[in-house]
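J.: Sequence:
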Amino acid sequence: MFEVSELKSLAAESSLILIGEPVDDPDVNGGSIVFVKATGQEPASVPGLIAKFSKKLNEKGWPVKIVGPNQGEKQIGTFVGAAIKARLPDIELDLTVAAGLGKIAIWVDLPLEPSAEEKTEINSVIQNFLSQLGFKDQIVRFKTEKNYPSPTACLRVLRRNAPCSPETLTQLLQLPGFDPMTVNEVRRLLDTARRKGQVIRRGDGKYIMSLQGLMNLGSSRDRFSPDISRALALRRLGA
Numbered sequence: 032m033f034e035v036s037e038l039k040s041l042a043a044e045s046s047l048i049l050i051g052e053p054v055d056d057p058d059v060n061g062g063s064i065v066f067v068k069a070t071g072q073e074p075a076s077v078p079g080l081i082a083k084f085s086k087k088l089n090e091k092g093w094p095v096k097i098v099g100p101n102q103g104e105k106q107i108g109t110f111v112g113a114a115i116k117a118r119l120p121d122i123e124l125d126l127t128v129a130a131g132l133g134k135i136a137i138w139v140d141l142p143l144e145p146s147a148e149e150k151t152e153i154n155s156v157i158q159n160f161l162s163q164l165g166f167k168d169q170i171v172r173f174k175t176e177k178n179y180p181s182p183t184a185c186l187r188v189l190r191r192n193a194p195c196s197p198e199t200l201t202q203l204l205q206l207p208g209f210d211p212m213t214v215n216e217v218r219r220l221l222d223t224a225r226r227k228g229q230v231i232r233r234g235d236g237k238y239i240m241s242l243q244g245l246m247n248l249g250s251s252r253d254r255f256s257p258d259i260s261r262a263l264a265l266r267r268l269g270a
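The sequence shown runs contiguously to residue 270 in the numbering used here.
Just to be clear, a hint being listed does not mean it is correct.
[Stated by the list, open to error] Beta-carbon label-pair distances, calculated as ranges:
| id | residue 1 | residue 2 | range |
| --- | --- | --- | --- |
| 1 | 219 | 75 | 50 to 58 Å |
| 2 | 222 | 85 | 56 to 64 Å |
| 3 | 243 | 209 | 22 to 30 Å |
| 4 | 249 | 40 | 49 to 57 Å |
| 5 | 182 | 74 | 38 to 46 Å |
[What the hints assert, rightly or not] Under the rule of at most 27 Å between Cα atoms (straight-line distance), these lysine-lysine pairs were calculated in the DSSO-like manner:
| id | residue 1 | residue 2 |
| --- | --- | --- |
| 6 | 116 | 68 |
| 7 | 96 | 86 |
| 8 | 39 | 116 |
| 9 | 134 | 116 |
| 10 | 134 | 150 |
| 11 | 87 | 105 |
| 12 | 174 | 150 |
| 13 | 68 | 96 |
| 14 | 96 | 116 |
| 15 | 91 | 116 |
| 16 | 39 | 86 |
| 17 | 134 | 174 |
| 18 | 116 | 105 |
| 19 | 167 | 96 |
| 20 | 96 | 83 |
| 21 | 150 | 167 |
| 22 | 134 | 96 |
| 23 | 105 | 150 |
| 24 | 134 | 167 |
| 25 | 105 | 39 |
| 26 | 83 | 105 |
| 27 | 134 | 105 |
| 28 | 83 | 68 |
| 29 | 167 | 116 |
| 30 | 105 | 167 |
| 31 | 116 | 150 |
| 32 | 68 | 105 |
FYI, nobody ran anything at the bench for these hints, they're computed from the structure. Everything numeric in this text was worked out from a predicted model, so none of it was measured. Idealized CB from N, CA, C, for every residue including glycine.
Please model the complete structure; the sequences and the hints are all you need to start from.
T.: The following block contains the structure:
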């Protein structure tokens with residue numbers, strides 16, 4: 032069995048750096064998986080450096096799999112999955128990975144609902160490794176979770192369509208890429224916003240933005256900017 036310090040030395044001899052600690056390979060008894068990166072090297076030379084490192088490991092007889100940088104979503108998923116199994120060996124899960132342009136999203140599919148502690152642990156492992164891989168823009172979702180528009184996004188839709196009843200706003204919030212919200216969930220969102228002074232409930236039961244709410248929202252050029260939100264909402268209503 033190898034020492035981590037020895038592994039790091041062999042990697043350094045091949046102009047590579049280990050990211051994080053080795054994790055158990057779930058497919059090989061006594062095996063490990065390491066993720067490496069090269070610093071100050073041309074991208075074209077990295078495969079050769081990894082091959083050099085792999086040869087050194089084979090000569091030592093160490094059952095170590097190497098996962099290099101930018102080797103695809105499948106390998107990232109394998110590596111992160113192994114890291115989770117190392118911390119939570121009894122957890123069974125499937126990971127779906129989508130990465131590109133410095134952004135990455137991972138969907139975690141579990142056959143059983145995890146405890147709050149397990150969820151926190153899984154999140155911690157994933158975010159730690161993604162950060163070490165250089166992904167600053169991360170999305171980690173459990174498939175049992177609902178993907179709702181953020182409260183700010185909801186209020187931006189209200190701003191462009193006010194005055195709105197909770198029922199109308201619920202319909203306007205059926206946006207592409209998001210799970211549908213129920214009327215009761217929208218009512219709770221509006222009630223919270225009202226207590227914060229962001230919206231005002233009129234006598235007819237319809238809601239409008241308060242001055243404070245309008246100032247908090249400011250302006251935006253993303254998909255929930257006023258014009259885009261209004262266009263999406265109108266399209267959903269068939270207007």
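J.: Confirm or reject each hint.
T.: Here's how the hints hold up against the structure:
| no. | hint | result |
| --- | --- | --- |
| 1 | 219 / 75: 50 to 58 Å | holds, 54 Å |
| 2 | 222 / 85: 56 to 64 Å | holds, 59 Å |
| 3 | 243 / 209: 22 to 30 Å | holds, 26 Å |
| 4 | 249 / 40: 49 to 57 Å | holds, 53 Å |
| 5 | 182 / 74: 38 to 46 Å | holds, 41 Å |
| 6 | 116 / 68 | holds, 22 Å |
| 7 | 96 / 86 | holds, 11 Å |
| 8 | 39 / 116 | holds, 22 Å |
| 9 | 134 / 116 | holds, 24 Å |
| 10 | 134 / 150 | holds, 22 Å |
| 11 | 87 / 105 | holds, 25 Å |
| 12 | 174 / 150 | holds, 12 Å |
| 13 | 68 / 96 | holds, 14 Å |
| 14 | 96 / 116 | holds, 16 Å |
| 15 | 91 / 116 | holds, 26 Å |
| 16 | 39 / 86 | holds, 15 Å |
| 17 | 134 / 174 | holds, 19 Å |
| 18 | 116 / 105 | holds, 16 Å |
| 19 | 167 / 96 | holds, 25 Å |
| 20 | 96 / 83 | holds, 13 Å |
| 21 | 150 / 167 | holds, 20 Å |
| 22 | 134 / 96 | holds, 25 Å |
| 23 | 105 / 150 | holds, 22 Å |
| 24 | 134 / 167 | holds, 7 Å |
| 25 | 105 / 39 | holds, 24 Å |
| 26 | 83 / 105 | holds, 23 Å |
| 27 | 134 / 105 | holds, 15 Å |
| 28 | 83 / 68 | holds, 14 Å |
| 29 | 167 / 116 | holds, 23 Å |
| 30 | 105 / 167 | holds, 19 Å |
| 31 | 116 / 150 | holds, 13 Å |
| 32 | 68 / 105 | holds, 17 Å |
Hint violations for this structure: none, all hints satisfied.
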